[in-house]
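Residues per chain, in single letters:
6 protein chains.
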Amino acid sequence: MSTVTKVQNPEADPRVKAVFDDIRTTRKSDFINNMWLYLAFDPDLLEKTWAEVKAVMATPSALDPVVKEMLYIAVSVTNGCSYCAHSHTAAAKAKGMTGEQHADLLRVIALAAKTNQLAVALQVPVDAAFDADRQA
Amino acid sequence: MSTVTKVQNPEADPRVKAVFDDIRTTRKSDFINNMWLYLAFDPDLLEKTWAEVKAVMATPSALDPVVKEMLYIAVSVTNGCSYCAHSHTAAAKAKGMTGEQHADLLRVIALAAKTNQLAVALQVPVDAAFDADRQA
Amino acid sequence: MSTVTKVQNPEADPRVKAVFDDIRTTRKSDFINNMWLYLAFDPDLLEKTWAEVKAVMATPSALDPVVKEMLYIAVSVTNGCSYCAHSHTAAAKAKGMTGEQHADLLRVIALAAKTNQLAVALQVPVDAAFDADRQA
Amino acid sequence: MSTVTKVQNPEADPRVKAVFDDIRTTRKSDFINNMWLYLAFDPDLLEKTWAEVKAVMATPSALDPVVKEMLYIAVSVTNGCSYCAHSHTAAAKAKGMTGEQHADLLRVIALAAKTNQLAVALQVPVDAAFDADRQA
Amino acid sequence: MSTVTKVQNPEADPRVKAVFDDIRTTRKSDFINNMWLYLAFDPDLLEKTWAEVKAVMATPSALDPVVKEMLYIAVSVTNGCSYCAHSHTAAAKAKGMTGEQHADLLRVIALAAKTNQLAVALQVPVDAAFDADRQA
Amino acid sequence: MSTVTKVQNPEADPRVKAVFDDIRTTRKSDFINNMWLYLAFDPDLLEKTWAEVKAVMATPSALDPVVKEMLYIAVSVTNGCSYCAHSHTAAAKAKGMTGEQHADLLRVIALAAKTNQLAVALQVPVDAAFDADRQA
Chain C
1 MSTVTKVQNP EADPRVKAVF DDIRTTRKSD FINNMWLYLA FDPDLLEKTW
51 AEVKAVMATP SALDPVVKEM LYIAVSVTNG CSYCAHSHTA AAKAKGMTGE
101 QHADLLRVIA LAAKTNQLAV ALQVPVDAAF DADRQA
Chain E
1 MSTVTKVQNP EADPRVKAVF DDIRTTRKSD FINNMWLYLA FDPDLLEKTW
51 AEVKAVMATP SALDPVVKEM LYIAVSVTNG CSYCAHSHTA AAKAKGMTGE
101 QHADLLRVIA LAAKTNQLAV ALQVPVDAAF DADRQA
Chain R
1 MSTVTKVQNP EADPRVKAVF DDIRTTRKSD FINNMWLYLA FDPDLLEKTW
51 AEVKAVMATP SALDPVVKEM LYIAVSVTNG CSYCAHSHTA AAKAKGMTGE
101 QHADLLRVIA LAAKTNQLAV ALQVPVDAAF DADRQA
Chain Y
1 MSTVTKVQNP EADPRVKAVF DDIRTTRKSD FINNMWLYLA FDPDLLEKTW
51 AEVKAVMATP SALDPVVKEM LYIAVSVTNG CSYCAHSHTA AAKAKGMTGE
101 QHADLLRVIA LAAKTNQLAV ALQVPVDAAF DADRQA
Chain G
1 MSTVTKVQNP EADPRVKAVF DDIRTTRKSD FINNMWLYLA FDPDLLEKTW
51 AEVKAVMATP SALDPVVKEM LYIAVSVTNG CSYCAHSHTA AAKAKGMTGE
101 QHADLLRVIA LAAKTNQLAV ALQVPVDAAF DADRQA
Chain A
1 MSTVTKVQNP EADPRVKAVF DDIRTTRKSD FINNMWLYLA FDPDLLEKTW
51 AEVKAVMATP SALDPVVKEM LYIAVSVTNG CSYCAHSHTA AAKAKGMTGE
101 QHADLLRVIA LAAKTNQLAV ALQVPVDAAF DADRQA
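Chains as they are written, first to last, in the numbering used here: chain C, 1 to 136; chain E, 1 to 136; chain R, 1 to 136; chain Y, 1 to 136; chain G, 1 to 136; chain A, 1 to 136.
None of these hints come from the bench; they were simulated from the model. Warning: the hint list may mix true and false statements.
[To be verified] In silico lysine-lysine, DSSO-like type, Cα no more than 30 Å apart, as pairs:
no. : chain 1 : residue 1 : chain 2 : residue 2
1   : G       : 95        : A       : 48
2   : E       : 17        : E       : 93
3   : Y       : 54        : C       : 17
4   : E       : 54        : A       : 54
5   : R       : 95        : R       : 54
6   : A       : 48        : E       : 17
It should be emphasised that the depicted structure is a prediction, and the values quoted were computed from it without experimental measurement.
Assemble the whole structure, with the sequences as input and the hints as a guide.
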């Protein structure tokens, strides 16, 4: 079940085919997951979304690919996105996240959710020492 | 402004003093930030919260301390916790997060929030390939 | 699966029947969706919820009915409400939302989620120029 | 207070100056709001964020500019982003949102938050009739 | 700072005056807090919001008034609503919430946020035993 | 479907068996729900999570057990945690929550979500009267 109709034979559209080919090449896998199959209903949205995902997640940068996937999990879980929790946990494992790292990730994001709740409930005032302009 | 009254002279309570001393020792700093000053209104809550924060964040584990702080930022930002965004960004910088890593972190969590929104809006069905039991 | 037991033969209760009749008349359709079938477990909650939905969503007002449904989708998706994303996307389409408008809606709410994340992460101070009292 | 240090004389960097010039031209105003001033700490993030905001929000598309700003408000409020609620309410007014439309927007997003809460609390099962594939 | 202009002399409008008078009578206090002062920009929204708050929160029902305020705090904190966390914590105290109850409330909502995070991260399947229809 | 592989024969691990035995004793029931079965993938996380749940939820404290379950529901629903909404609604009923209390709970959390949305949309400034330090 979805809110948009899944396109039949999406690669008949050359823009969709180009994106799917690039996904397969980038990931060295023939598997195209549902996120892209459903986004194909609007080729422009598909192209731009994939371009950004590729630039941020599949291009070498200041953070390690596994760390980036773990950050993605942290946001996705906090937002309650079931699809994203599944897809990015699978991606993190594929990129090398160990069982110990997975458990550690869970410990950190669970604790963060807990202390976020306390800080908001107490309405703790922000310490002046945390001001980046003051630190400068 | 806060929802609990800040305790005057909190270290008059030996349980509070013990926690504050441990915070100072663990962090090698005299600074006690507002989160702990306000939590001191209930010594039990203060003790248990600090014990968990110390165990998860200040004890060597499978993830690097800077990575753990970045995961904390990811959750705190997604939850909209202003205090936590400030305190954990300061902590991440103190533990070595560079400006390039900070920008990269922002790119990842911003993209995650964006694709979370798309996946929920489309109600994309979870691919069977992501099932951990199937992968086993 | 649900957290309340679905009422068998809910229209045996005249208050429930009156609400369901009004839903059918207002929508010019015999279909009663699950939200109302499950809310029937408490006739008072059913009556008040429907009265408000009818007043806000099915009564001519300053905003177009399709725009109101799109706003409903924006909130529902951000809250991660799967049922609501489904029901209000279907409603928006039934009221005339085109495929191009749907894609545009997705682009806007995805971008909003992304820049929300950046603004919270940076803790950007609110510009004085945005103060409605100053504008007055 | 912010989590990044505000750049002094940001337009000394030609990439930042080019973005700020484009913001001024696009908006026909000399005012640069804090979001862009703070994002200037990373020219790449500034450029890409502005490019997407301009493409989605300042380019004619299937939805009216005021509607797009109202959708932005809906997401920002649901995410609890104070800065974004302020900046996009100001933008919506600047683009013509009337007081009556503003009140109507509030009525819709408040009701949506309320029924989202009910649907999640009841765990209402999604009706098969809402499935886009079935509708196709 | 606010997104709507605060009405000068709001009680010049008889509809606003009637609501404010009812707030004062219901609460046995002359104090009108900002929520109502700002909602006065739209008398219809003011009337309907107050009517619902009065019916749900100030009318005897199956739950104790202090419990209802604590539930309000739980939702408000989870939504990150600073104003609401403040106003409902003050209300709960005014209605008799003790310091021990406040600390207990914090323990429960902090733990809930933590295990919510774990359940979503693990994508734990719902046990059939929790189905209300099966329990019936 | 889950993001971790369900352990086969989890009680072969004595640490897991000890936790499961304590759950059965504490709850006076043989039923172990999926949350604990899945958490068993990491015995340390299982032990610590259960210890905290037992201390907060199954130990006499300033709040009634049913009230604590209702607060848990309020947070879980606001976070959109489907599993948690199910498990804690079942727990609240098992501990004596009546149908009238359930409906009242829904009324309160739905109203809270609605007025949270209004307060954030209006960016209502916090009244000085709500400051706990001022009240002291």
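To see whether the hints hold, each was checked on the structure:
no., hint, verdict
1, 95/G - 48/A, "35 Å, violated"
2, 17/E - 93/E, "27 Å, holds"
3, 54/Y - 17/C, "27 Å, holds"
4, 54/E - 54/A, "21 Å, holds"
5, 95/R - 54/R, "15 Å, holds"
6, 48/A - 17/E, "25 Å, holds"
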